[in-house]
Amino acid sequence: MTGGEQLAVLAAGLGSGVLTSTVGVASLLSFPVLVALGIPPVVANASNTVGLIPAGLSGSFGYRSELREHPLVTRAVLACCAVGAVLGAVLLLALPASAFEAVVPWLILFACLLVGAQPWISRWLRRHHDESNPVSPRLSMSPATTGFAALTGVYGGYFGAGSGVMMVAVLGLGTDLELRVVNALKTLAVLAGNLVAGAIFLVAADLHWEAILLLATGSVVGGYAGARMGRLLPPAFFRLAVVTAGIVAAALML
Numbered sequence: 001m002t003g004g005e006q007l008a009v010l011a012a013g014l015g016s017g018v019l020t021s022t023v024g025v026a027s028l029l030s031f032p033v034l035v036a037l038g039i040p041p042v043v044a045n046a047s048n049t050v051g052l053i054p055a056g057l058s059g060s061f062g063y064r065s066e067l068r069e070h071p072l073v074t075r076a077v078l079a080c081c082a083v084g085a086v087l088g089a090v091l092l093l094a095l096p097a098s099a100f101e102a103v104v105p106w107l108i109l110f111a112c113l114l115v116g117a118q119p120w121i122s123r124w125l126r127r128h129h130d131e132s133n134p135v136s137p138r139l140s141m142s143p144a145t146t147g148f149a150a151l152t153g154v155y156g157g158y159f160g161a162g163s164g165v166m167m168v169a170v171l172g173l174g175t176d177l178e179l180r181v182v183n184a185l186k187t188l189a190v191l192a193g194n195l196v197a198g199a200i201f202l203v204a205a206d207l208h209w210e211a212i213l214l215l216a217t218g219s220v221v222g223g224y225a226g227a228r229m230g231r232l233l234p235p236a237f238f239r240l241a242v243v244t245a246g247i248v249a250a251a252l253m254l
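The sequence shown: position 39 = 39 (full-length UniProt numbering), numbered continuously.
The reader is advised that the hints may include incorrect statements.
[Claimed, not checked] Derived DEER-like restraints, expressed as beta-carbon distance ranges: (1) V35 x M229: 36 to 42 Å; (2) A79 x P235: 23 to 29 Å; (3) D176 x A94: 33 to 39 Å; (4) E69 x L240: 36 to 42 Å; (5) A117 x T2: 43 to 49 Å; (6) P32 x F110: 22 to 28 Å.
These are calculated hints, taken from the structure and not from any lab test.
Note that the Cβ used here is the ideal one computed from N, Cα and C, for glycine as well.
Please construct the entire structure, taking both the sequences and the accompanying hints into account.
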């Protein structure tokens, strides 16, 4: 790579790190940059996944106070996504990519719809709840929410793009946690998926190590900076940003 190309990849890593800890669609920025520089798409995809692992680590560290607020939920999300990502990685090796590619954009668009409509859905559910049995805040994951979180982990290990948006939808509808906590849990979920997929790519895929090192350098800074910004985002703005980013990602895939 030339000096200018190295700078472009470094900047892409920085921006993707911020996106990892905020709206959760980091590959929307970094993957196209790698392909534009002439790296083959399969190599770029694997290198991008490995190079963005530091973003998830630094982002989760930046959100450490939020992750400590509900330790049981944090452990449940980490376990669900790690185990689910293992299954997703197995499917990645066993199934052709075309088996999932056609439905992925629609899954992301559906998740965007749920994220955007979550306040209205929650109010509707409370209105129709039995008034003799007052609703208490849902600060833990129900079996259904746990199951959907595990499915999101499977998706993260198999494909990954937009998995952060899906996790925001799952936790936003399945719990009453504050959005800043949901954002922290989403960042941890993305990290779990990237770690599993990255471990497989280290063994079984061709990698562009110069790109990985540049992405990792930028993303570790961006991930932590994104966590600092993410906890300050007003809920309405955060929801709008997630929906917008998800729609853009789905449109590019279509």
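Hints versus structure:
| no. | hint | verdict |
| --- | --- | --- |
| 1 | V35 x M229: 36 to 42 Å | violated (27 Å) |
| 2 | A79 x P235: 23 to 29 Å | holds (27 Å) |
| 3 | D176 x A94: 33 to 39 Å | holds (38 Å) |
| 4 | E69 x L240: 36 to 42 Å | violated (24 Å) |
| 5 | A117 x T2: 43 to 49 Å | holds (47 Å) |
| 6 | P32 x F110: 22 to 28 Å | holds (24 Å) |
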